[in-house]
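Given the sequences, and given the hints that come with them, work out the whole structure.
Residue numbers (this note's numbering), protein chains in the order written: chain A, 410 to 673; chain B, 410 to 673; chain C, 410 to 673.
Because the hints were derived from the structure by calculation, they are not lab data. Incorrect hints may have been included.
The list makes no distinction among identical chains, and a pair is therefore deemed to hold if it is satisfied within one copy or across any two copies.
[Stated by the list, open to error] Straight-line alpha carbon distances no greater than 20 angstroms define the calculated SDA-like cross-link-like pairs of lysine to any residue that follow: (1) K425 / G576; (2) K425 / E549; (3) K490 / G569; (4) K517 / E549; (5) K645 / D662; (6) K425 / E544; (7) K425 / A598; (8) K585 / D620; (9) K517 / N493; (10) K425 / G646; (11) K425 / R546; (12) K645 / R422; (13) K425 / E595; (14) K517 / E462; (15) K490 / A465.
One-letter residues, chain by chain:
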Amino acid sequence: MSLSPGKTLRDLRERKPLVHQITNYVVMNETANATLALGALPVMAHAREEVEEMVALAGALVINIGTLSPPWVEAMLAAGKAANAAGVPVVLDPVGAGATRYRTDTVKRILDEVDVAVLRGNQGEIATLVGVQAEVRGVESVGVGGAPADLARTAARNLGLVASVTGVVDHVSDGKRVLAVANGHELLAAVTGTGCMSTAVTGCFLAAKRDVPLEAGAEALAAFGVAAEDAAHDAKGPGSFHVGLYDALAALDPVTLDERARIS
Amino acid sequence: MSLSPGKTLRDLRERKPLVHQITNYVVMNETANATLALGALPVMAHAREEVEEMVALAGALVINIGTLSPPWVEAMLAAGKAANAAGVPVVLDPVGAGATRYRTDTVKRILDEVDVAVLRGNQGEIATLVGVQAEVRGVESVGVGGAPADLARTAARNLGLVASVTGVVDHVSDGKRVLAVANGHELLAAVTGTGCMSTAVTGCFLAAKRDVPLEAGAEALAAFGVAAEDAAHDAKGPGSFHVGLYDALAALDPVTLDERARIS
Amino acid sequence: MSLSPGKTLRDLRERKPLVHQITNYVVMNETANATLALGALPVMAHAREEVEEMVALAGALVINIGTLSPPWVEAMLAAGKAANAAGVPVVLDPVGAGATRYRTDTVKRILDEVDVAVLRGNQGEIATLVGVQAEVRGVESVGVGGAPADLARTAARNLGLVASVTGVVDHVSDGKRVLAVANGHELLAAVTGTGCMSTAVTGCFLAAKRDVPLEAGAEALAAFGVAAEDAAHDAKGPGSFHVGLYDALAALDPVTLDERARIS
Numbered sequence: 410m411s412l413s414p415g416k417t418l419r420d421l422r423e424r425k426p427l428v429h430q431i432t433n434y435v436v437m438n439e440t441a442n443a444t445l446a447l448g449a450l451p452v453m454a455h456a457r458e459e460v461e462e463m464v465a466l467a468g469a470l471v472i473n474i475g476t477l478s479p480p481w482v483e484a485m486l487a488a489g490k491a492a493n494a495a496g497v498p499v500v501l502d503p504v505g506a507g508a509t510r511y512r513t514d515t516v517k518r519i520l521d522e523v524d525v526a527v528l529r530g531n532q533g534e535i536a537t538l539v540g541v542q543a544e545v546r547g548v549e550s551v552g553v554g555g556a557p558a559d560l561a562r563t564a565a566r567n568l569g570l571v572a573s574v575t576g577v578v579d580h581v582s583d584g585k586r587v588l589a590v591a592n593g594h595e596l597l598a599a600v601t602g603t604g605c606m607s608t609a610v611t612g613c614f615l616a617a618k619r620d621v622p623l624e625a626g627a628e629a630l631a632a633f634g635v636a637a638e639d640a641a642h643d644a645k646g647p648g649s650f651h652v653g654l655y656d657a658l659a660a661l662d663p664v665t666l667d668e669r670a671r672i673s
Numbered sequence: 410m411s412l413s414p415g416k417t418l419r420d421l422r423e424r425k426p427l428v429h430q431i432t433n434y435v436v437m438n439e440t441a442n443a444t445l446a447l448g449a450l451p452v453m454a455h456a457r458e459e460v461e462e463m464v465a466l467a468g469a470l471v472i473n474i475g476t477l478s479p480p481w482v483e484a485m486l487a488a489g490k491a492a493n494a495a496g497v498p499v500v501l502d503p504v505g506a507g508a509t510r511y512r513t514d515t516v517k518r519i520l521d522e523v524d525v526a527v528l529r530g531n532q533g534e535i536a537t538l539v540g541v542q543a544e545v546r547g548v549e550s551v552g553v554g555g556a557p558a559d560l561a562r563t564a565a566r567n568l569g570l571v572a573s574v575t576g577v578v579d580h581v582s583d584g585k586r587v588l589a590v591a592n593g594h595e596l597l598a599a600v601t602g603t604g605c606m607s608t609a610v611t612g613c614f615l616a617a618k619r620d621v622p623l624e625a626g627a628e629a630l631a632a633f634g635v636a637a638e639d640a641a642h643d644a645k646g647p648g649s650f651h652v653g654l655y656d657a658l659a660a661l662d663p664v665t666l667d668e669r670a671r672i673s
Numbered sequence: 410m411s412l413s414p415g416k417t418l419r420d421l422r423e424r425k426p427l428v429h430q431i432t433n434y435v436v437m438n439e440t441a442n443a444t445l446a447l448g449a450l451p452v453m454a455h456a457r458e459e460v461e462e463m464v465a466l467a468g469a470l471v472i473n474i475g476t477l478s479p480p481w482v483e484a485m486l487a488a489g490k491a492a493n494a495a496g497v498p499v500v501l502d503p504v505g506a507g508a509t510r511y512r513t514d515t516v517k518r519i520l521d522e523v524d525v526a527v528l529r530g531n532q533g534e535i536a537t538l539v540g541v542q543a544e545v546r547g548v549e550s551v552g553v554g555g556a557p558a559d560l561a562r563t564a565a566r567n568l569g570l571v572a573s574v575t576g577v578v579d580h581v582s583d584g585k586r587v588l589a590v591a592n593g594h595e596l597l598a599a600v601t602g603t604g605c606m607s608t609a610v611t612g613c614f615l616a617a618k619r620d621v622p623l624e625a626g627a628e629a630l631a632a633f634g635v636a637a638e639d640a641a642h643d644a645k646g647p648g649s650f651h652v653g654l655y656d657a658l659a660a661l662d663p664v665t666l667d668e669r670a671r672i673s
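Below, the structure written as structure tokens:
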């Protein structure tokens with residue numbers, strides 16, 4: 410194990426991997442800009458007619474069900490299978506799982522048919538998927554029983570993937586180890602799509618370090634959290650924080666990032 | 410009558426109602442962020458497969474036809490009917506009614522099949538729906554005959570709802586009383602989707618004060634207008650004004666809001 | 410020939426033409442806001458049921474295939490043909506042509522069935538369409554052989570339109586003359602959708618100067634580039650640059666614009 414978000418960020422900026430994202434309407438611009446600010450290349454493409462060809466060019470595939478509908482779900486499944494066939498790692502964001510049956514069932518179907526490397530969600534969403542009692546209000550997690558570290562480990566074991574559970578402290582687990590990431594800022598909760606952005610950043614890091622998804626997942630959250638800390642510095646509220654987040658992602662310094670990452 | 414946007418805002422922030430929005434692609438991020446900045450929880454969901462389940466969890470439903478197409482219209486109708494059945498108040502934004510027959514007909518169909526609590530539009534859109542001569546250029550109102558207060562009252566009476574007609578001065582009517590709201594700033598017209606945001610904010614206030622939609626509608630426009638005044642203070646143009654609007658919504662102070670609201 | 414971006418901008422702000430945009434999900438808010446900041450009126454409408462009626466009201470139609478799918482392509486074709494019938498000039502942005510067959514084929518189909526006035530793309534996209542060797546990574550051009558001025562001229566000749574090829578220096582050609590535009594800033598590459606914005610601005614200028622698309626195309630890129638130079642002045646990174654771009658578009662001064670435009 411050699412955790413170094415700085416090194417992974419440096420590699421990512423050098424290689425500029427294409428990160429194919431099939432995501433929701435609310436955050437498309439935001440996750441594309443986060444990807445670009447970090448140093449990777451985003452591409453948004455969801456047509457059944459092109460997703461298989463597009464994903465084969467990519468360093469990672471990000472699937473996010475935030476505003477799902479049947480044709481999009483079909484594209485997610487097709488892209489996910491093509492990614493698996495081409496050895497492209499897949500990140501899944503189960504936005505709102507637990508809020509409606511359609512969301513929960515769709516996530517289960519994707520997990521069933523696609524080999525997902527990292528599942529990045531909030532506590533309520535992840536708890537829903539492993540049968541732990543949770544309350545999800547729309548797309549917000551508002552109450553989950555149990556310790557988040559246990560939740561991450563259980564999800565990783567039961568679902569056979571790396572579970573990345575974000576909250577005040579994030580927990581990333583491959584079923585054996587659990588890494589806690591204590592970076593971030595409370596203003597993240599005041600801007601829509603910051604969870605989706607952390608998923609996109611996870612895709613970027615995974616594209617740069619695909620062999621160790623546990624570490625890529627934790628490093629991504631540390632990097633995103635450090636950028637949030639920087640953005641919060643001069644923010645007057647959620648609007649200026651949101652803008653500052655892209656400036657901070659672009660300005661992330663690989664050297665100090667390693668010192669500032671609070672991964673344990 | 411006890412108009413107090415400050416009190417309603419305080420209630421809203423305490424209860425954090427879920428505001429389900431079926432809105433247009435252009436402003437989804439913007440209305441979600443305005444909702445969140447104000448203190449409520451947004452959720453965007455448009456699939457026929459989940460809208461009925463989602464809206465039953467919500468404190469209000471916002472329907473906005475800005476980039477309508479047949480599957481979305483079906484979802485709007487299904488969600489609207491489910492909202493009615495569950496006692497969830499519905500706000501409708503008839504974006505671009507009058508510009509094309511498809512928009513005008515769709516709004517009429519929604520008004521026919523769904524019990525709408527508040528109809529929030531510009532003068533040209535509302536005039537179109539009550540048969541008053543108006544010119545709508547794309548989604549902008551560029552010329553309407555008659556006084557806006559009369560228009561609001563007529564629309565409220567003819568359509569059996571609260572009509573919220575925004576302009577330089579806004580007018581909100583339940584068919585009997587007309588409340589004029591004189592807050593706001595001209596920079597609102599320089600940013601796309603600020604009308605849609607005012608509709609989302611109306612949904613938030615309605616979720617917090619559902620029994621008096623006339624007051625909720627006027628208070629929402631006053632609160633949004635005061636936030637715009639604050640945002641304009643340091644703005645250098647439409648871009649920085651737009652960012653400042655979220656900061657200002659989050660910073661709205663319930664105490665001074667009551668003093669600053671210009672509702673008559 | 411009388412190149413004057415300042416004069417065209419003044420005309421545009423006076424007439425406030427409606428610019429109908431059928432564009433991608435990622436940049437809809439951004440291109441609408443760029444259009445509005447510049448002084449024109451944007452309208453986003455993509456339903457087969459209304460595009461023909463909407464485009465007849467417009468001063469220009471912008472088609473952008475960034476997140477294409479079959480129903481949207483049908484709407485683009487219908488709107489494009491209706492625009493041609495009504496004498497409304499059409500701008501096409503072939504986002505990602507060359508990355509997948511679906512994108513390349515769709516652009517060719519649109520060029521075949523619709524009379525396009527200006528084709529605005531990056532070097533890789535334009536090269537793909539005229540059979541010049543190019544590498545397109547997602548929606549980014551990462552390597553094209555040959556001089557961009559020759560590429561613009563060849564594309565204009567072969568496709569029978571004005572080709573507007575953006576890059577470090579932009580080249581706009583009608584097949585005979587080639588205008589080079591040397592405005593802009595490297596931060597444009599750090600924000601998603603700035604190419605799409607330049608296409609929307611091209612649509613605005615074309616609506617104000619439809620008889621000379623070569624000049625309208627070059628003037629639009631000069632104006633957008635000058636705004637980018639202004640926005641870069643106080644920017645701390647891609648986020649604040651993005652915000653500043655709208656402020657700068659709104660603040661563009663027609664008098665100094667002519668002096669600052671570097672068109673040769």
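Here is what the structure says about each hint:
1. K425 / G576: between (29 angstroms within a copy, 19 angstroms between copies)
2. K425 / E549: So K425 and E549 pass the 20 angstroms test across copies only (11 angstroms; inside, 32 angstroms).
3. K490 / G569: For K490 and G569, the Cα distance is within 20 angstroms only inside one copy (17 angstroms; across copies 41 angstroms).
4. K517 / E549: within (19 angstroms within a copy, 34 angstroms between copies)
5. K645 / D662: between (24 angstroms within a copy, 15 angstroms between copies)
6. K425 / E544: between (38 angstroms within a copy, 14 angstroms between copies)
7. K425 / A598: between (29 angstroms within a copy, 13 angstroms between copies)
8. K585 / D620: So K585 and D620 pass the 20 angstroms test inside one copy only (16 angstroms; across, 53 angstroms).
9. K517 / N493: within (17 angstroms within a copy, 31 angstroms between copies)
10. K425 / G646: between (32 angstroms within a copy, 18 angstroms between copies)
11. K425 / R546: Between copies, since 10 angstroms is at most 20 angstroms while 37 angstroms is not.
12. K645 / R422: between (30 angstroms within a copy, 19 angstroms between copies)
13. K425 / E595: between (30 angstroms within a copy, 17 angstroms between copies)
14. K517 / E462: Only across copies: K517 and E462 sit 18 angstroms apart there, 25 angstroms inside one copy, limit 20 angstroms.
15. K490 / A465: The answer is within: 11 angstroms in one copy meets 20 angstroms, while 34 angstroms across copies does not.
Comparing the model with each numbered hint stated earlier shows that all of them hold.
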